[in-house]
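For the sequence shown, the working numbering begins at 70 and goes up steadily by one.
Please note that the accuracy of each hint is not assured.
Computed list of lysine-lysine pairs in DSSO-like fashion (alpha-carbon distance at most 27 angstroms, straight line) [stated by the list, open to error]: (1) K132 - K201; (2) K99 - K204; (3) K99 - K110; (4) K180 - K110; (5) K180 - K132; (6) K99 - K201; (7) K192 - K204; (8) K192 - K99; (9) K279 - K178.
Label-pair distances were calculated between CB atoms; the ranges are [stated by the list, open to error]: (10) F111 - R292: 16 to 26 angstroms; (11) D108 - V303: 41 to 51 angstroms; (12) V252 - E220: 32 to 42 angstroms; (13) L205 - L306: 51 to 61 angstroms; (14) Q167 - V252: 16 to 26 angstroms; (15) G216 - E118: 34 to 44 angstroms; (16) A221 - Q85: 21 to 31 angstroms; (17) P214 - V303: 38 to 48 angstroms; (18) S150 - T95: 43 to 53 angstroms; (19) K132 - Q167: 37 to 47 angstroms; (20) S150 - P309: 29 to 39 angstroms; (21) V101 - H199: 17 to 27 angstroms; (22) K178 - P309: 35 to 45 angstroms.
Worth flagging that the hints you see were computed from the coordinates, not collected in a lab.
A quick note: this is a predicted structure, and the numbers were derived from the prediction, not measured.
Glycine residues also receive a C-beta, built at the ideal position from the N, C-alpha and C atoms.
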Amino acid sequence: MIFTLNRYAIVEELAQLGATVNNVGTNIDKQVLHFTGEDLKFLFNTNVESAYHICQLAHPLLKASEAGNIIFISSIAGVVSLNVGSVPYSATKGAINQLTKNLACEWAKDKIRSNCVAPGPIKTPTGDDHFKDEKLLNGLISITPLGRIGEAEEMSSLVAFLCLPAVSFITGQTICIDGGWTVNDREKLIATVSSEFNGKLNILVIKDEKFLNGLISRTPLGRIGEAEEASSLVAFLCLPAASFITGQTICVDGGLTVNGLHINND
C-alpha cells in the first residue's frame, strides 16, 4: 500500500514523463542442467518483471506527455544464440525484445513509442573483468566485423537519439549495437519486400485511398511517415555517435512490421 501511495504522489508531482529507460539486468553463469527454479525466478524477476512493472507505473506519465518513449536495454543474446553460460539469460532478453514489440502496438494509441537497444560486447565497468581475458577478447574481436568492442557512449547516443521527436515514426524496433555481429537477416528482408511489391524496391507513391486506409489501419501509430523522419535516422547513422552500429536494418514504419494482429480502429 505504501508503494501504491508513493506512486500516486510521484504521478501528481511530475505530471508527465518524456522517457523511461529500462537498464536493469543480471546473469547467473550456469549451464541449463544446473539451474534451479529459484535461479530462473530471480533472472526473470530482475531482467523482465522489473522492466514490465516500471512500464506499468510510468504509463500515465508517458501518456500525459503525448510523446512518451520507452527504451529497453536488451542484448544480442536475445537475438542470436550465444555461449554466454546462461540459456535463461538469453530467454529473458528475448522476452524484453518481444515486450518492446507488443507495447509499441498496444500503447501507440496513447502516443507512446517503445524501442529496444540490444548491445553486443561493450566496454562497461561490469564487463571489463571479462575483457581482461585476452583469449576471450581476441575471440570477440575476431567475429565482430568492425574488429573491436564497443564503447558505452556509442550505446547511450542511440538511446538518446531514440527519444528525440526527429525519430517519432520509429517504434517496436530492436536495434543491435554490436559492430555487425548479428547481421543475418538483411537478404531475407529484401526478398520479402521485393516479393510483396512484385520485385519493385523503389519508393512507392501512395495514391490509392483504399490501400492507404488499409495501411494506416495496420500501423500502430495510426499514420504514414514523413520523409524527415526517415532522413533524421539516415543522418544519425552517419555520425560518429553511431560508430558501432553496422549491418542493421532499422524499420521506420510506425510499428507496421512488428504488428501481427492489432488493428487501429480510430
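Contradicted hints - numbers only = Numbers 1, 4, 10, 12, 13, 17, 18, 19, in rising order.
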